[in-house]
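K.L.:
Grab the two chains, each in its own frame, and use the hints to assemble them into the complex.
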Amino acid sequence: MSVLRKKFDWPLLVIVGCLSLWGLIIFYPFYNSFLVSIVPMEVYTKTPFLFYPPKLDFGSYKFVLGWDLLTSGLLVTTVVTILGTIYNLILTVMTAFALSKPIPGRKFFNYMIIFTMYFSGGLIPFYLIVKNLGLKNNIMGMVAPTGIYIMYMLIMRSYFYTIPEEIEESAKLDGASMLRILFSIIIPLSKPMLATIGLYYAVDRWNEWWLGNLFVTKVNLMPLQLIIRNMLQDSRAMTQYIPTSNNIVIFPEGLKMASIIITMLPIVIVYPFLQKYFVKGLVLGSVKG
Amino acid sequence: MQSSASKSVKIEKKYNSHSSLYKIIMNYKSLYLILLPGILFFVIFNYLPMYGITLAFKQYSSAKGILGSPWVGLDKFKMIWEQHDFWKAFSNTIIIAFLKIFFGFPFPIIIALLINEVRFKKFNRIIQTIYTFPHFLSWVVISGIVASLLMNDGSVNNLLDVLGMERVGFMSSPGIFRFLLVTTEIWKESGWTCIMYLAAIASIDPALYEGATIDGANRWHKILHITWPGIRGLAAVLFILAIGNIMNTGFDQVFNLYSPPVYSSGDIVDTYIYRTSFQLSGDFGYSTAVGLFKGAINCTLLVTANSIIKKFGNSSIL
Chain A
1 MSVLRKKFDW PLLVIVGCLS LWGLIIFYPF YNSFLVSIVP MEVYTKTPFL
51 FYPPKLDFGS YKFVLGWDLL TSGLLVTTVV TILGTIYNLI LTVMTAFALS
101 KPIPGRKFFN YMIIFTMYFS GGLIPFYLIV KNLGLKNNIM GMVAPTGIYI
151 MYMLIMRSYF YTIPEEIEES AKLDGASMLR ILFSIIIPLS KPMLATIGLY
201 YAVDRWNEWW LGNLFVTKVN LMPLQLIIRN MLQDSRAMTQ YIPTSNNIVI
251 FPEGLKMASI IITMLPIVIV YPFLQKYFVK GLVLGSVKG
Chain B
1001 MQSSASKSVK IEKKYNSHSS LYKIIMNYKS LYLILLPGIL FFVIFNYLPM
1051 YGITLAFKQY SSAKGILGSP WVGLDKFKMI WEQHDFWKAF SNTIIIAFLK
1101 IFFGFPFPII IALLINEVRF KKFNRIIQTI YTFPHFLSWV VISGIVASLL
1151 MNDGSVNNLL DVLGMERVGF MSSPGIFRFL LVTTEIWKES GWTCIMYLAA
1201 IASIDPALYE GATIDGANRW HKILHITWPG IRGLAAVLFI LAIGNIMNTG
1251 FDQVFNLYSP PVYSSGDIVD TYIYRTSFQL SGDFGYSTAV GLFKGAINCT
1301 LLVTANSIIK KFGNSSIL
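Sequence order for the protein chains is A and B.
The opening residue of the first sequence carries number 1 in this note's numbering; numbering runs sequentially from there.
The opening residue of the second sequence carries number 1001 in this note's numbering; numbering runs sequentially from there.
Looking at chain B on its own, in the form it has when it is part of the complex (with noise of 0.2 Å):
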């Protein structure tokens, strides 16, 4: 038997055959207790309420509760498919989707890449200072800022009509909508994307600019043979999480900056779901149908996207 000083020094994989499922617990039996509340966590706040995905295939009654509403087996997915507001809502989400990583996934590399050019290092923490800002607001604050500038009655329009030129609905014309999205969408958080990029940039050996120079490579020449390679792998990476969180693509920020008028273009599924739970007929079983079925495709997208990053042969989350 080892003796219990010995125990305590080296946490190690101490197990074998011959010791019981009760002595490997007792051996770890502190570390267990700190993992607990964690643990306990998840279960409560994440795995119980997967037992509600059962109200996927049940017309939920409050009355009757989960257990007590009737079964109507794949009734709810057949909605989904005869529902036209939810494919709407679908197709936005990826035409979003596309579009922000389209316009927005370039955007802070091609900054990043600017910033680097630039020398002065304090206009640099400025600048970053400021890019970097509004990341940490909240869209609630966001949007009131993009409202005021950008509603109907708003300082652009204003100034539009004083110029003589045509209101423009930026916020609720479904045509425009969805440009705004995306350009909202940069305005918040490429400053911290960008900042990224400006750490993979910073860990680039600076001998190899120095070489480069002396071998009379000018900037453009730089940034293409040496900053874009170094930096390569990280947008890599990015542009693949950012392929997995389509369906995922900010409901924060529409639910923020959506009306009525904007719907058809704006909608996506995550406010589709909300909106048909809380606010429209309250049918938990069908909008739990939907954000089932989201989640469906999610997983699918994340696990090729994860899938993707270890052929890369960086490190997945997994």
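Chain A on its own, in the form it takes in the complex (with noise of 0.2 Å):
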């Protein structure tokens, strides 16, 4: 018996070849940048487009961690990515639970705050409201205003919509109350939805900049993301913020990519391992709406 032949798969190629080209496209980028955080002054001016490093020099690096204002926002975002973390996930969650249970009311409930989703007081009564909060030049004022985003609160709602209730009755039956039911019962048993929804939570906290340029004006209270923007919004403010010595030369598109790179770090490391993580409450949510 013959064994037909297959024709060498010509479209196949085609698309390997397209969705290779793209993925280089969107590699670039980071690679050209990297590349300019490590080479030296002269290397970069002589060259326009570079594909290698011919010389490295981590002076850039060396620089920007010197740099008391890098450290900063490191420091303020680090903090605030884990105090807001934290603060989501409680204010989520627990929001999510009771909301998933039949109190009287709830369909109250769920317009009111789906309500906010579609129409707002807007920008100034925000920013007026925070202020005399006191949450001025403050970390909670970068922390408390993002308690709960709906969209992340809704996954939860429904992931706890599958959980079966004679758990819960049992427990009751053994006189345990809601809250104890809650911590003790069902958030043991959530753990994968809560490390993703946290994840996510956490990669915000982390990007976060918007509070920072709104309500802080302490420059050492600034987060990572808003120092990083300032210095590449205004290349002569970043003179001003950093200092120099004589014989040290500035050279600021690889002191800009130095912390891009290293405001980058946390994400690419954590990424690659916690895919899965991020994929799956996607496709939750997807599910969902």
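It should be emphasised that the hints constitute simulated quantities derived from the structure, not laboratory data.
Careful, some of the hints might be misleading.
What the hints assert, rightly or not - Covered by chain A, per the in silico footprint, the following chain B stretches (three or more residues, Cβ under 8 Å):
#1 1033-1039
#2 1084-1091
#3 1174-1180
#4 1294-1307
Glycine included, each C-beta is placed from N, C-alpha and C at the ideal position.
P.N.:
In structure tokens form, the structure reads like this:
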């Protein structure tokens, strides 16, 4: 018996080629930034387009890591990320849990929350409220106003729907209060989902600069992303912040790129390992809406 | 009277016309307590600011505060009507949103369809990791990376210079800026949307594909008649959500990428509000009025979009 000989799959080759090309297009800008951050200034000014680093120079990193605003920004952002994620998770879990139960007035609360997705008082009133709460120039000013992201709460709520009632009922028979049930039973059962949503919140907090921009004027209280933003927007401002001594040549592009790489680093490290959690949350979310 | 044992076993609608409100609340006391912090959050940061809407009808002075500032009726809204800059921002918002939908909507679908054709798992996993990565970075970081390549003395322009071509103002020329916004948006987000489509494709019954192969269908037939119907529903929902979000089209992105030379084509309503609030005259009454106007349009779009989703038979967010 002769075996049918398959024609060479040309379309597949084209497809793989296109996908790889797009992958390169996504990858290259990061690679470029990385290269700029590790070459000395002369190489950058002489070579228009970098494909590989002809000479290595980690001076940009040394400088940036010694820059007090960057280290304060890192610290602030880390604190905000940790505090914020805990705060977000607690608020979201409690709200999602309560709303997954048939309490009277549930419809009202649901509408009330969803309504805020459609309509808000606007930027100025929000700004005035936060200011009047005394949250200006305050760590909590960057944590409190972003308590619950409604989409995440909805995902959690639909997850809580899937937990069987019998578990709660037997706990109640044993005399447990709702709060006890929540913390001792529901939460341990929801660990993967909590990890996913927690990750989402953590990434959001890490990337947060808007609240800092609105409410923080003290430079050593600014989050990392805000410092980076100010650095990128205004090179002149950057030279104001950075103390220069006479024998150090400022290579602005290199410093900018080094700062950006440092800012990206946590996400770069975490993402490949935790990718499945990120994707899981997305699947849960897209099933819902 | 029900015994307390059965009261605590089941939570169900137990109230009737004989129960007082107090009794109802006491029954569910612990759940209400659990719900309380979340509701407080929404009240403080979402509902309290709604009182500030009155600013749209006042001439705000920080010395007098919101309550003390004098009423000016519809003056601020009349101002909107006359402000050329606002209408520029408004039309930009709509144009940019449509460009993003026109180019950016099909893109993840096509990518997902392509990825689905490739059976090498390792390749797919690497590709997906690369594609989805930019989604998790902030526009601050990405604008820095983009600027390094595309600014007037950035890498790409240096290369053009060396090749003897003219430098292109990717980020500074109004004509190009809109396409920069569209392209960077696709670059950043299409991978993430693509994963949603891939998840939908994964839920299509493989037997359909096998049957089609037996019947002699080629790759194109399969895409058209099996894969596409499988993701059509998701595409519809995402499309309508995109339409509903037109007014919100990417403050973060524009704010980090724009600069005065490109205000004419790149300024959107949200960046306009920000500038008039904090950078220019600081007329809080005016910018609140603008925000209100935008909110009204946004509301209409979203409600319309939501009711269309309902007609399609999918569960709405409400």
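K.L.:
Are there hints from earlier that the structure breaks, and if so, what are their numbers?
P.N.:
2, 3
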